[in-house]
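**Q** Each chain, written out:
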Amino acid sequence: MRKNSLRLVAALAAVALIATGCSSSSKSENTDTQFEIFTWWASGGEAAGLQGMIDVYKKENPNTEFINAAVAGGAGVNAKAVLASRLEANNPPDSFQAHAGMELDGYVRTGKLEDLTFLYQEEGWDKVFPADLIKTLTVDGKIYSVPVNIHRANVLWWNPAAAQKAGITAAPKTLDEFFAALDKFKKSGIDGIALAGKGDWAIAHLLDWVLLATLGADKFEGLYKGTTSWTGPEVAEGIKNFQKILSYGNKGAANLDWPDAGKLVTSGKAGFFIMGDWASAQWQSDGLKLGTDYTWAPAPMKDGNVAVYQWLSDSFTLPVGAPHRNGAIAWLKVCGSKDGQDAFNPKKGSISVRTDSDLGLYDDYLKAVAAQWKTDRLVGSTVHGVNGNNALMAAYNSAVGKYFSGGAKDNAGLAKGLQAAYDAGKA
Amino acid sequence: MSKTAVAKKEKLTKRRPINSALGGFWFVFPSILAIVFFVYGMIAWTFNMSLTNKNSVSVRELKYVGLKNYSDLIKDENFTHALTNLLKFTIVFILGALISGFIMSLLLEKGIKGEGFFRSFYLYPMAISFIAMGTVFNWLLNSATGKDAGGVNLLLQKAGLGFLQNTWYASPTGSMYAMAIPAIWQVAGYVLALFLAGFRGIPDEMREAARVDGASEWKIYRYVLFPQLTPTLLTVLIILGHMSMKVFDLIVGINGKGYVTQTVAVYMWQVTFDNYDFAKGTAIALVLLIMVAFLVLPYLRYVNKHEAYR
Numbered sequence: 001m002r003k004n005s006l007r008l009v010a011a012l013a014a015v016a017l018i019a020t021g022c023s024s025s026s027k028s029e030n031t032d033t034q035f036e037i038f039t040w041w042a043s044g045g046e047a048a049g050l051q052g053m054i055d056v057y058k059k060e061n062p063n064t065e066f067i068n069a070a071v072a073g074g075a076g077v078n079a080k081a082v083l084a085s086r087l088e089a090n091n092p093p094d095s096f097q098a099h100a101g102m103e104l105d106g107y108v109r110t111g112k113l114e115d116l117t118f119l120y121q122e123e124g125w126d127k128v129f130p131a132d133l134i135k136t137l138t139v140d141g142k143i144y145s146v147p148v149n150i151h152r153a154n155v156l157w158w159n160p161a162a163a164q165k166a167g168i169t170a171a172p173k174t175l176d177e178f179f180a181a182l183d184k185f186k187k188s189g190i191d192g193i194a195l196a197g198k199g200d201w202a203i204a205h206l207l208d209w210v211l212l213a214t215l216g217a218d219k220f221e222g223l224y225k226g227t228t229s230w231t232g233p234e235v236a237e238g239i240k241n242f243q244k245i246l247s248y249g250n251k252g253a254a255n256l257d258w259p260d261a262g263k264l265v266t267s268g269k270a271g272f273f274i275m276g277d278w279a280s281a282q283w284q285s286d287g288l289k290l291g292t293d294y295t296w297a298p299a300p301m302k303d304g305n306v307a308v309y310q311w312l313s314d315s316f317t318l319p320v321g322a323p324h325r326n327g328a329i330a331w332l333k334v335c336g337s338k339d340g341q342d343a344f345n346p347k348k349g350s351i352s353v354r355t356d357s358d359l360g361l362y363d364d365y366l367k368a369v370a371a372q373w374k375t376d377r378l379v380g381s382t383v384h385g386v387n388g389n390n391a392l393m394a395a396y397n398s399a400v401g402k403y404f405s406g407g408a409k410d411n412a413g414l415a416k417g418l419q420a421a422y423d424a425g426k427a
Numbered sequence: 001m002s003k004t005a006v007a008k009k010e011k012l013t014k015r016r017p018i019n020s021a022l023g024g025f026w027f028v029f030p031s032i033l034a035i036v037f038f039v040y041g042m043i044a045w046t047f048n049m050s051l052t053n054k055n056s057v058s059v060r061e062l063k064y065v066g067l068k069n070y071s072d073l074i075k076d077e078n079f080t081h082a083l084t085n086l087l088k089f090t091i092v093f094i095l096g097a098l099i100s101g102f103i104m105s106l107l108l109e110k111g112i113k114g115e116g117f118f119r120s121f122y123l124y125p126m127a128i129s130f131i132a133m134g135t136v137f138n139w140l141l142n143s144a145t146g147k148d149a150g151g152v153n154l155l156l157q158k159a160g161l162g163f164l165q166n167t168w169y170a171s172p173t174g175s176m177y178a179m180a181i182p183a184i185w186q187v188a189g190y191v192l193a194l195f196l197a198g199f200r201g202i203p204d205e206m207r208e209a210a211r212v213d214g215a216s217e218w219k220i221y222r223y224v225l226f227p228q229l230t231p232t233l234l235t236v237l238i239i240l241g242h243m244s245m246k247v248f249d250l251i252v253g254i255n256g257k258g259y260v261t262q263t264v265a266v267y268m269w270q271v272t273f274d275n276y277d278f279a280k281g282t283a284i285a286l287v288l289l290i291m292v293a294f295l296v297l298p299y300l301r302y303v304n305k306h307e308a309y310r
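These protein sequences, in sequence, are chains A and B.
Those letters in the first sequence? Residues 1 to 427, per the numbering used here, in order.
Those letters in the second sequence? Residues 1 to 310, per the numbering used here, in order.
Certain hints may be false.
[Claimed, not checked] FRET-style restraints, in silico, Cβ to Cβ: (1) A:Ala412 <-> B:Arg222: 54 to 62 Å; (2) B:Phe248 <-> A:Arg377: 18 to 26 Å; (3) B:Gly160 <-> A:Ala170: 40 to 48 Å; (4) B:Asp249 <-> A:Thr33: 53 to 61 Å.
[Stated by the list, open to error] Listed below are the simulated DSS-like cross-link pairs for lysine-lysine, each with C-alpha atoms no more than 25 Å apart in a straight line: (5) A:Lys184 <-> A:Lys240; (6) B:Lys147 <-> A:Lys165; (7) B:Lys147 <-> A:Lys269; (8) A:Lys374 <-> A:Lys347; (9) A:Lys112 <-> B:Lys63.
The set of hints was computed from the structure by calculation and includes no laboratory data.
Note that the structure is a prediction, hence the values are computed from the model and not measured.
Cβ atoms here follow ideal geometry from the backbone N, Cα and C, with glycine treated the same way.
Bound-form chain B, shown alone (with noise of 0.2 Å):
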């Protein structure tokens, strides 16, 4: 090698370092770029959107009208309604996905026979598009009882049940409750997955340290494990909460835009693209992505801070 190909990769190889250091950002920056503008610059817009005075399709111009979209909102009882749909379906639904998952990840936990098989069978519900969940729904839970029953009411009826047959998500008070079902059924499985892989992430020293201590088997779950389950359900509560928060497939699949069973993801819809009430719509939009902050954000702060200790 002659000396001057040597200088010359000596050369390459001392610019390198100043290039990856640069080059990294340049890597990322096409996607910060698109997160700016689509993410970030669509909420401003949506916010700026939510201040004028675009209430219809007949609006010529274009005023600023401060907070007026936001406090017709308080005073608007289709919104109330969405709002208290949303809330009992949150409700309903976290409690419950989370208390099913978390009894058959339980069962799972000990690593018996086909536990892969109960894995994929449990989590498959998962593959099925809220929408195509939905139109199914619709037909099992058939509001009629009787005679009439059909779906989940007729299946009552036939196993000797017939006294808990009812209106399902038709009922002007339970309605919520009802759509709840199928969401549970749905992501029940995943949060069995989320948990399991919580309980495999303690080392099984911990366990025959207590025995050796000589715990009891409720007390090993009580006091060793459920407490390093911590992070898990903080992760499965956010993710449940912010499906739960956004919900709109499954209830348009199971019974359209109609009232009864409106959350404010379809009420937002319904605004918008059926009254062309596009302020409206806009301030519907951000109330919702505020509430889905609140939720997000606090586990967004816990992960950093525990992130950083690893």
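Pulled out of the complex, with its shape left as it was, chain A reads as follows (with noise of 0.2 Å):
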């Protein structure tokens, strides 16, 4: 049984080479003398990762004139409204940059995004790509979003002098292993938790978490579900969590971005951090090294139960009405294929969608955690747009600026907030 589906893996592959092989095939078809890609990758290794995918793109389709229309802005505040714009006029650009999951739902139901499944199933992609991603990025049975990379949103980062210096020799696995650290570290004479309140987005990010560990994954999934009540006694729990990790903050966290409070945690003047990886490659190019000057491990859940990878990614898309459909499809397809991936993400300091990536290109972290990432059980993450449109998103950041600062106080408050968050995404 074992070796058929071992050889049933075989001759998808082999399958998924001819296909590949076809499609270099039909290359012929990109005709298009021009392709304008959207993204608000305009800097740092973002932009030198796309950078990369670009040249294996040029490689390909040597008579495309690429156009990168880069809007810089983090996480894409100032691209989003010109790309509102540019689609409200029906003027799309061939292909841009969006959050995989919910955040493109508006567009889906419009009819904005053209269906990619026939992309999976040529590249062979719906095999190399977790069925759980699959899973989620299926709308009705479609798929409209070419991911290109994997970020980890619950990781958990600290300072190992300072744990060391606090009595910390374990990483916590439990909410209630995490308060016992936060409390060492308070011990030890600095904050248990690094908190960066500016734009209200970092506090959602650590809530978005809190609630995942206390409630588990499917409860938490049922969130978004409509299964699980946000006014009810777990997520109430996890607001009582939440306030009592907000109370070992560091102060001043109003003022902070995330690489100033990840700086305290680096510094050892704050204990834990948590904050997407991206915070790694961040510190890389701070010239810090993982190990010596900060370490991680996959943030507490509930029950101990720490394999629950919590994601975010980036995708691109096929607007209808492209202006040049194929370059943009030959353009997806370098997203999806191994080579783009591994051209771009050890350059960005995320991890390949794909199961199959070559691993000796990525640095340590970035090795361990895309073992996890074929093994874990996978769950969105909300702030980064994967359970909630934009308009959920906007809610859930001001239900929790709201909340922090007003001295995180109104636990029923936030919970209504939170409510009412959901109900907008819904509209």
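Hints are included, so try docking the two chains, each in its own frame, into the full complex.
**A** Below is the structure:
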């Protein structure tokens, strides 16, 4: 039986190879002389990674001029506005960047995006992308975007020297152990956790994990399917945990962006940090070393079941009416390909979506999470567009900002605010 | 010169007045067109959008829903929060800038040594963009106190004024007052320049006449100079008022789109471009426009009336 399934996998891989082979013959179909993508990767590792992918594209499509319409601004704060106006005016770019998941929901519902399921079948992505991911990406049996990278949102970071000083010997696996460790940090004279309040989203990012850790993966996903109540006792317990964690935070958090808060941790002034793994990429570019200046573990979970991978992903799409559709399809093929993803991700500091990526190209942290990506239970991130659309995210951030700036007192108000955010996302 | 040439010239000179009467209009016509289209046309378009159901990108069929977006705004707690924030900011900002600018102009008004230097010195902050200043004040107004203090709090601590430390714009009640500080710092010099110009517009003979009549220095200011400054005061109020109503870059520069310091313009951006709720966003834009119009229109009427006498 096992042998058979192995054989099947081999056969499928062969088919996939043939399929990619075919696609290289269908490359001649790309007769477009121009092609424009729209991203917000304008600087640093992101831009370098994008350039890597563009190089792959240019090699395969030498006759197409590549236009990179990047609009600077983290997480697309400015780009989204420009993109919205272009789509509104029915003047779409040939492909644009968006977080994979529900963030695209509005565009899908209005028919602004083309169904890309055929590409998944042609290129064999439905086999090499994890099944949990395909399930999340599928809307009514169709897939509308090609993810190029995976970030992990629920990562616990700390400074090994500070932990040693505080007497913390092992990474906490449950929330109880987490609180015990926070106490130890506090006793050693530093803040238990680093918080970044500027613009609200990093605090919302923390809450997203606390809810996941308190409720467990299934109940957490239920929040966004309508099967778990936002105003029920589980969320109330989660908010209570959130409140307790915030009480260990650094003073002056309201002014800090996440890199500032991260520095508190790497410099040993604060204990833990809950942040996505772009933190690692940032620290490495600052010249810090994994293992000595900072280290990590999967963030604590309910019952110590830490094999839960909260992910987010950037993806590319094919808008209906794209002026250079063939050029765009060639681009999407690069996005999903092993070459393209392995050119992009090591520079961006994220892992490949594919389970067959060349791990030799990645650093130690990314190698470790890439292994978890294949085996862990996958759960989407709320604050980064997987579980809810833009309206939900904005209202979620506002509710958390209101709670945090109000001194983290009004637990019932926060639950109500989150419920309202969920409703806003459905409207 | 031949006869025909003279006749020709007369003809030309005769035609000229007709040309210039209409010509004037044709010269300003392009800008009239541009303003009609880009200002008033866009206002009409915005108003039209605010009456529809375009509340997300997933709306397929545009329908007119009357004033629903406006009535929703009244019920929207985030909007009232933004409005309250704006009100707090406006009051402190206008009063602060007005008083500090006026006092500075009083000090310079007598024509002290190095007046030119001080004038540019105080006016200089105005040359900095709000967004650059926002970044700087984000650091200066760090909310940490005690041993973690930084920025202004650290300064206060070092100066032995530690009891004055506070959380600035991170405070849930005082955030907007803290936001007004950099704004006041920036425009006080501008207010100074306006008032100084106002003072200079008053002929010296009036002071001399008052002195001859035996008026004390205070009385000269109170009854002779201040009343003459009323038009300047009005101008200053209007300029500060509309600046304050539209404040956006300063807030975003300091605290991003954070809830605690959201003003109407910031909330409008969030609703429109983060939520893609175009109908509600345009409704907020129009409310903002009406608020500013209420401020500016009486001023325009006043100016028109007085300009006519001149």
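**Q** Against this structure, judge whether each hint is valid.
**A** Hint check results:
1. A:Ala412 <-> B:Arg222: 54 to 62 Å: Since Ala412 (chain A) and Arg222 (chain B) have Cβ atoms about 56 Å apart, the given range 54 to 62 Å holds.
2. B:Phe248 <-> A:Arg377: 18 to 26 Å: Violated, at about 43 Å.
3. B:Gly160 <-> A:Ala170: 40 to 48 Å: The hinted range 40 to 48 Å holds for Gly160 (chain B) and Ala170 (chain A), with Cβ atoms some 46 Å apart.
4. B:Asp249 <-> A:Thr33: 53 to 61 Å: 40 Å, violated
5. A:Lys184 <-> A:Lys240: Judged against 25 Å, a Cα distance of about 20 Å means the pair holds.
6. B:Lys147 <-> A:Lys165: 21 Å, holds
7. B:Lys147 <-> A:Lys269: This hinted pair holds, its Cα atoms lying about 12 Å apart.
8. A:Lys374 <-> A:Lys347: The hint holds at about 21 Å.
9. A:Lys112 <-> B:Lys63: 19 Å, holds
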